[in-house]
Amino acid sequence: MSKISLQSIEKSFGETPVLKQVSLDIEEGEFVTLVGPSGCGKSTLLRILSGLEQADAGRVSIGGMNVTDVRPAERNLAMVFQSYALYPHLSVADNMMTPLRMRDLPMWGRLPMIGPLLARDTYRVMQGQVREVAETLKITPLLDRKPGQLSGGQRQRVALGRAMVRQPVAFLMDEPLSNLDAALRVHMRAELSELHRRLKTTFVYVTHDQAEALTMSDRMAVMMHGNILQVGPPDEIYANPNCLEVARFIGSPAINTFAAEIQSDGHLALIGTTLSLVQPLTRAPVTVGIRPEHLFLSPTGRFQGHVRYRENLGSDVFLHLDVEGAQQPVVLRANPAQAAQVTLRNRVCFDLEPDKVLLFQSTGERLPCALATREVA
Amino acid sequence: MQQSRAHLWFIGPALALMVVILLIPIAIAAGLSLTDYSLGNSGAEFVGLENYEKIFTRSTYEKMFGATFRYVFVVVPLTVGLGLGAAMMIHSLGRIGDIYKTIYFLPVMAALIAMAIVWEFAFHPTIGVVNATLERGCGTILENWAWYAKGCERTFPLWLNDRDYAIWTVSFIGIWQGFGFNMVLYLAGLTSIPPSLYDAAEMDGAQSGWDRFRLVTWPMLGPTTVFVITISFIRTFQVFDMVEAFYPQGGGPSKSVYVMMFAIYEKGIQQNLMGIGAAITVVFLAFVMILTLIQRWFVERRTHYV
Ligand SMILES: Nc1ncnc2c1ncn2[C@@H]1O[C@H](COP(=O)(O)OP(=O)(O)O)[C@@H](O)[C@H]1O
Ligand SMILES: [Mg+2]
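In the order they appear, the protein sequences are chains A and B.
Residues in the first sequence are numbered from 1 upward in steps of one, following UniProt numbering.
Residues in the second sequence are numbered from 1 upward in steps of one, following UniProt numbering.
A few of these clues could be false.
Far from chain A, some chain B residues (derived; all Cβ distances over 12 Å) [unchecked claim]:
(1) I24
(2) G94
(3) Q238
(4) L293
Label pairs and their calculated CB-CB ranges [what the hints assert, rightly or not]:
(5) W147(B) with R71(A): 44 to 50 Å
(6) G85(B) with R71(A): 40 to 46 Å
(7) R214(B) with T140(A): 24 to 30 Å
(8) D56(A) with G209(B): 22 to 28 Å
(9) T140(A) with E300(B): 25 to 31 Å
(10) L106(B) with T136(A): 54 to 60 Å
(11) G209(B) with E194(A): 36 to 42 Å
(12) D121(A) with F73(B): 38 to 44 Å
(13) D56(A) with P77(B): 40 to 46 Å
(14) D94(A) with E300(B): 47 to 53 Å
(15) D69(A) with G209(B): 17 to 23 Å
Hint data in this document are derived by calculation from the structure and do not stem from the laboratory.
Model, not experiment: these values are computed from the prediction.
Beta carbons: idealized from backbone N, C-alpha and C, even for Gly.
Bound-form chain A, shown alone:
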């Protein structure tokens, strides 16, 4: 019913094109994340959806209604800003009540001093709503404070509360967690997911942090230089990126990439080793991508490298290996027990899981082809 649809949105600031024919459909109740590096146009797209920015071309519709020329206030969306944008002169309660006051009260009811007396019943209802939301977000003790007296995390909750007091069609969030410290950020991820489950309202969430996108979304849209490159559930985008840029952006540590070549006999030459493909391809240079967790240490491994760095995360250890023939260090995930036996600067052998290898054309597009799981010797 309240499906949101962006069709062929274009936007330039001056000469610089920021969005190039972007289209995206968002189902009702979905948690959709727009993720991409800084400056790729995520905020601009979100602001066009909210109406705060006007698109040069394209159509925005909400619930089947064309709202391209409708004011933000009338689109019934709520937004959480990166800077929170709380009104510093109003208490937390008044901040949260503002959207209700602006919408539900007539002009005279908004007058200072006498407004609350004239529209006493409406005020009581609104205060009830505010208290209810404050209860949900556990900020009831803060209701009388000013935003300046709150910590970053508390402000974040208040901003969320202000968005929640009325029932909007969708919540738009522009990097709401990026001003929080790391621990709180991880905690708030879980809490936002929980909130989404409870409210069952559409969330459109913008972030540059692929981890946030992977953990929270039902679907994510990866944006780069003004285009949406791929839309899909996080698992699918992680396992099946449709181009090299998406593969590189999603996942941390980043995917390993190697320049390789498909030989005239249809085999793949990869850093000194020849691997067979499920179906042979014509001879061409390709890029091979393989994630660190799909490489493993093995005494009989076909590749070898020198350990240059051990990145110990406790549960996992990422080994950075210098491999002859590879331009960058190769990152390999090992479990701590295996990693304990490895010493710096020593030579190790490793291998790959052939069915997890991704092949890309030299232009960056994905090749729909996999390695054979068993080598035909």
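Since the structure of chain A is already known, use the hints to place chain B with the ligands on it.
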């Protein structure tokens, strides 16, 4: 237990300087205000509060307060209001606004004493452009306005030399001269409002310009406004050069423009009555002091968005 005296060395110089250049002169003025001292006299009689008694009883000083307060209470609200209006207009204009900014700020930069000559010319009853323009309107619909009809019938007022009009005319020039200053202060205030607050207001349903003004602009300008009002009060209390330029003798028709600063100058310098001049100065300082205290109270109570 030995206590270090280092702190004295830290605050000492600043304290000494403050005493020498601020407190001693004020103390001297306060001391003089209790005497009938004249410059050049070897001594002076202690007269107690006689000078103050004069200030609060004689009709000359009643006129002084009348002129000062009329000027202040007309000029302050209007310069603040116009300053805010002009600032908001310029702020919304973007680049073209720079031209207006320069134009509106010109009177602030121009010496008022030089500008006074131009205004004297403009308000001249026979060759002045103001009355000439008003006469053009005679015979039109404007004559329905009784005041206008009277002006056409006889003559339009002697703006600067009629005791019913003089103080208002001077106030008008004061507004013309002063609002550009407030505008610049307000522009700085407007620039520092985070644009995301307007976005938030829009999302919250503030649709009209008035809603946005009430919800964001005005509260966010609170600290600026307190400062602007205080500065305007102090500046208008200090008006002097215009009065001196228009009315070198005696403070205008029937002393209707006899403002405080001019009174201090006339008594203390021209007539060499240092005692009474000092007394007016002390009263003036008291006003400024009260204003400053009110400002501090506001800053701490209302507009401090911790
Ligand atoms: N108001 C604006 N005027 C000019 N350029 C802008 C404006 N807003 C954004 N841009 C430009 O548009 C591009 C995309 O911005 P934005 O959507 O904020 O990126 P993101 O949120 O993905 O980091 C950036 O290169 C930025 O410099
Ligand atoms: Mg952004």
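Outcome of the hint check:
The Cβ of I24(B) sits about 41 Å from the closest Cβ of chain A, beyond the 12 Å cut-off, so the non-interface label holds. For G94(B), the shortest C-beta to C-beta distance to chain A comes to about 14 Å, beyond the 12 Å cut-off, and the non-interface label holds. A cut-off of 12 Å between C-beta atoms confirms that Q238(B) is not in contact with chain A; the least separation is 32 Å. The non-interface label for L293(B) is consistent with chain A: the shortest C-beta to C-beta separation is roughly 23 Å, beyond 12 Å.
Checked against the given bound of 44 to 50 Å, the beta carbons of W147(B) and R71(A), roughly 46 Å apart, stay inside it. Judged by the Cβ atoms, the range 40 to 46 Å given for G85(B) and R71(A) is violated: they are separated by roughly 25 Å. Between R214(B) and T140(A) the Cβ separation comes to about 27 Å, which falls inside the hinted range of 24 to 30 Å. The given range of 22 to 28 Å is respected by D56(A) and G209(B), whose C-beta atoms sit roughly 26 Å from each other.
At roughly 28 Å, the beta carbons of T140(A) and E300(B) sit within the given window of 25 to 31 Å. For L106(B) and T136(A), the Cβ-Cβ distance of about 57 Å falls inside the hinted range of 54 to 60 Å, so the restraint holds. Between G209(B) and E194(A) the CB atoms are about 40 Å apart, so this pair conforms to the stated range of 36 to 42 Å. Between D121(A) and F73(B) the CB atoms are about 41 Å apart, so this pair conforms to the stated range of 38 to 44 Å.
A hinted range of 40 to 46 Å holds for the C-beta pair D56(A) and P77(B), which are about 45 Å apart. In this structure the supplied range 47 to 53 Å is violated for D94(A) paired with E300(B), their Cβ-Cβ distance being about 20 Å. Look at D69(A) against G209(B): about 19 Å separates their beta carbons, and that is inside 17 to 23 Å.
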